[in-house]
Each structure stands twice: as C-alpha cells, then as structure tokens.
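Colleague: Keeping their order, the protein sequence lines are chains A and B.
Going letter by letter, the first sequence gives residues 2 to 108 in the working numbering.
Going letter by letter, the second sequence gives residues 8 to 130 in the working numbering.
Bear in mind the hints are in silico, worked out from the structure with no lab data behind them.
Model, not experiment: these values are computed from the prediction.
Everything hinted at is true.
Cross-link-like lysine-lysine pairs, in silico, DSSO-like; alpha carbons within 30 Å at most:
#1 B:K52 - A:K46
#2 A:K108 - A:K43
#3 B:K52 - A:K40
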Amino acid sequence: DIQLTQSPSFLSAFVGDRVTITCRASQAINNYLAWYQQKPGKVPKLLIYAASTLQSGVPSRFSGSGSGTEFTLTISSLQPEDFATYYCQQLNSYTYIFGQGTKLEIK
Amino acid sequence: QITLKESGPTLVKPTQTLTLTCTFSGFALSTDGVGVGWIRQPPGKALEWLALIYWNDDKRYSPSLRSRLTITKDSSKNQVVLTMTNMDPVDTATFYCVRRQTVLSSFDMFDYWGQGILVTVSS
Numbered sequence: 002d003i004q005l006t007q008s009p010s011f012l013s014a015f016v017g018d019r020v021t022i023t024c025r026a027s028q029a030i031n032n033y034l035a036w037y038q039q040k041p042g043k044v045p046k047l048l049i050y051a052a053s054t055l056q057s058g059v060p061s062r063f064s065g066s067g068s069g070t071e072f073t074l075t076i077s078s079l080q081p082e083d084f085a086t087y088y089c090q091q092l093n094s095y096t097y098i099f100g101q102g103t104k105l106e107i108k
Numbered sequence: 008q009i010t011l012k013e014s015g016p017t018l019v020k021p022t023q024t025l026t027l028t029c030t031f032s033g034f035a036l037s038t039d040g041v042g043v044g045w046i047r048q049p050p051g052k053a054l055e056w057l058a059l060i061y062w063n064d065d066k067r068y069s070p071s072l073r074s075r076l077t078i079t080k081d082s083s084k085n086q087v088v089l090t091m092t093n094m095d096p097v098d099t100a101t102f103y104c105v106r107r108q109t110v111l112s113s114f115d116m117f118d119y120w121g122q123g124i125l126v127t128v129s130s
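Same shape as in the complex, but just chain A:
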C-alpha cells in the first residue's frame, strides 16, 4: 500500500513568510496528488489537485509542485487566515490515502 509522509508535522511561521510543506509517497504516483486545508472545527477544503492545479477560488499565493514521489505545497506570503492544518492525498490506482497532516501555526 502507498504511504504518504508529510514534513514537517508542525510548522510555526510569521505572517508574510513563505512556507513549504513536503509530501513524500512511498512509491511513484505520477501527479495524482491533492492538497487540502482544514481549519479548527471546520470541514477540509480542496486547495490543489493534480499536484499543481489550483482549485477554483483558491488564492494564488498557494501553489503546488512535484511528480513521482515528492511533492510540495508552498504559500508565498502567509496570511492570518492560512494558519491551519494541511493534508496531502494521493489519488492513484483508486486508493485515496491521506498524509498525516502538517499543522501551521502563528509564530
């Protein structure tokens, strides 16, 4: 079974910072990867699919890249509303495994 490992698990940053979250797959998944944002007590929200395609309505400060086994989510300039937990998800071969999450907090 494919496993996803996110790093770091916890990240503290300032408003305005550029941050990058990494997601590594245990085997190649082409670019069948999505990213979600979940704020406390809220429903997860799709940010990016196909590794780098921004979902409609998502601010352009979010970007995704990668293919194969290594992927990144980058937020170019953190805004107060971006502090949340981020999950990657692989969607290869009809399985939909999530990473363990990265909690992004205000420094």
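With the hints as your guide, set chain B onto chain A.
Modeller: For chain B alone, kept in the frame of chain A given last:
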C-alpha cells in the same frame, strides 16, 4: 448548488454495526466519473479515507478496513450508505461524506464535503 449531508446515530455501542447515510443534491451519481465516498477523522487526528462508490457501481475500500466496510448507493434517492461492523471505541470519529470528481478522465479530487457527523463509540 452542491451539498452533501451525513446522517445516522451519534452514539453506538461497542460491537454494534454503524450505518451512515449521505444524502446529496446538486449532482447525479449516475454521471460518468462521479463518485461519493466516506472519510473519518478521530478527534485531534488525521483524515482517513474509508470507502468510495463510483457512478458505475464500482466500489473501493481502505485496505486496512475492507473487512468491516460496505458502501452502497441509491441513485434515485441521491443517497450513499456506509456500514461499518464491529465498532470499537477507537472508531470514535467525525465521519465525512465527499464527492469525488475527475478532470480530464484522470485527475481525481474530493471537491465537496459534507459537514460531518461525530460518532462516539461507548457503552
């Protein structure tokens, strides 16, 4: 407007079977490429995909929970039902219903989520 809503018991006893219903609107599960699935999230923990049913009635399950899960659909009622057997306190979680969409026949995403239902397993 696309909506999904989970319904079912919020408290089950250990060893019981959990049955959850997802009632959706704004799309048809008979449409090529569409699927509806279930994800759970224990309090303070990560998301875990459970099962998904496709427009063509194909079904996929989490390998680690396959033996306990059954997913079915009633397209005429716009409902998807998940059953999970032999519930245990560690299964306490918020259960989400999601729509699976595909782009260019290749790239999947879970683009719409229900509000979730917290199910507690306790005697």
